[in-house]
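Please take these sequences and the hints and turn them into a complete structure.
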Amino acid sequence: MKIIRLGMLTICCAFCCLLCSCDRTHIGMESALKRYLKDSLPALTARCETTLDAAYMAQTLVGEVKDHPGWEGYPVKLYEYYTGVDKRLGVAKKGKVLMLNPSPEKLAIWIADAVYHATGEISYEDFETIREWIQWQSGAQFPVSGVVYEDMYVPGHYEPYVFKDGVTVYIADSTMFPQVKENRTCTEEMLDFYLTLTNEDLKPNTGRYARISSTTREMYYAAGGEAAVGSSVDGKRDQAWLAEVGRLYRKAWKSHHNELITAFAKYKLNQE
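Numbering of the sequence shown is given in the working numbering, commencing with residue 15 and proceeding in unit increments.
No false leads were mixed into what you were given.
Pairwise CB distance ranges, derived in the manner of DEER restraints:
hint, residue 1, residue 2, range
1, T74, E232, 35 to 41 Å
2, T212, A241, 18 to 24 Å
3, A46, Y96, 40 to 46 Å
4, R49, E139, 15 to 21 Å
5, S137, T64, 16 to 22 Å
6, A257, A46, 30 to 36 Å
7, A254, T133, 27 to 33 Å
8, W150, D248, 22 to 28 Å
9, E202, R49, 50 to 56 Å
10, T64, P89, 19 to 25 Å
11, Y235, P169, 32 to 38 Å
12, V168, S54, 36 to 42 Å
13, Q193, K108, 15 to 21 Å
To be clear, the hints were calculated from the coordinates, so they are not data collected in a lab.
Only a predicted model underlies this, so the values are computations on that prediction, with no experimental measurement involved.
Ideal placement from N, C-alpha and C gives every residue a C-beta, glycine not left out.
Put into structure tokens, the structure is as follows:
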């Protein structure tokens, strides 16, 4: 009897290990989407590797931060990075940022799921439309907190944009943001400060767009979003957007469904 019980215990343990090792990302996924991904996921993942190759801030990994307020338990990573040589300053600019970037496979699943929910079907063309947009907009980089340097307006001239919970924010204390317009370069004190931001450190208005697909509040509402997060109108860009974007991204991290990307896909793929 002892031998039989021991054998049964071994089988049960093995079964439990198998369950724990299963990828729970696909739980609740529509059967049509599952069938599509069964054959296409490797190719879609390869395309998303190209997107994440554009993640220019993921240069020097300082370490993993699993206790960042609001993001406890998530594999948030701290990076240091340098821009290219700034055409006005003549040297590269240093940045620090906490990020929670998806793997290529996770990104591929998010995009395929978003396309399916936006159009009722999945096509490679629509997948590429959303993937290329994300690559151009963000490189699939989700800044939890820190500075993002971009040469958005003048090629080769890198301006600092502070982010919290995947959204651009504006520092209330003017002494903690570079004031020389033609050469905004963050000090080490500023860089470290941006990693520990609270809403009390910010001006009431936030940016309009949520990473990683530049989803607006209006797209969020149109897709069924119910939280009161203001609007894109100046003076009405409430800080509540930060909490909702963070909540939805954390939810997506443990799922095949990213509501922020889906909201953008519904807007983008249903334009006439």
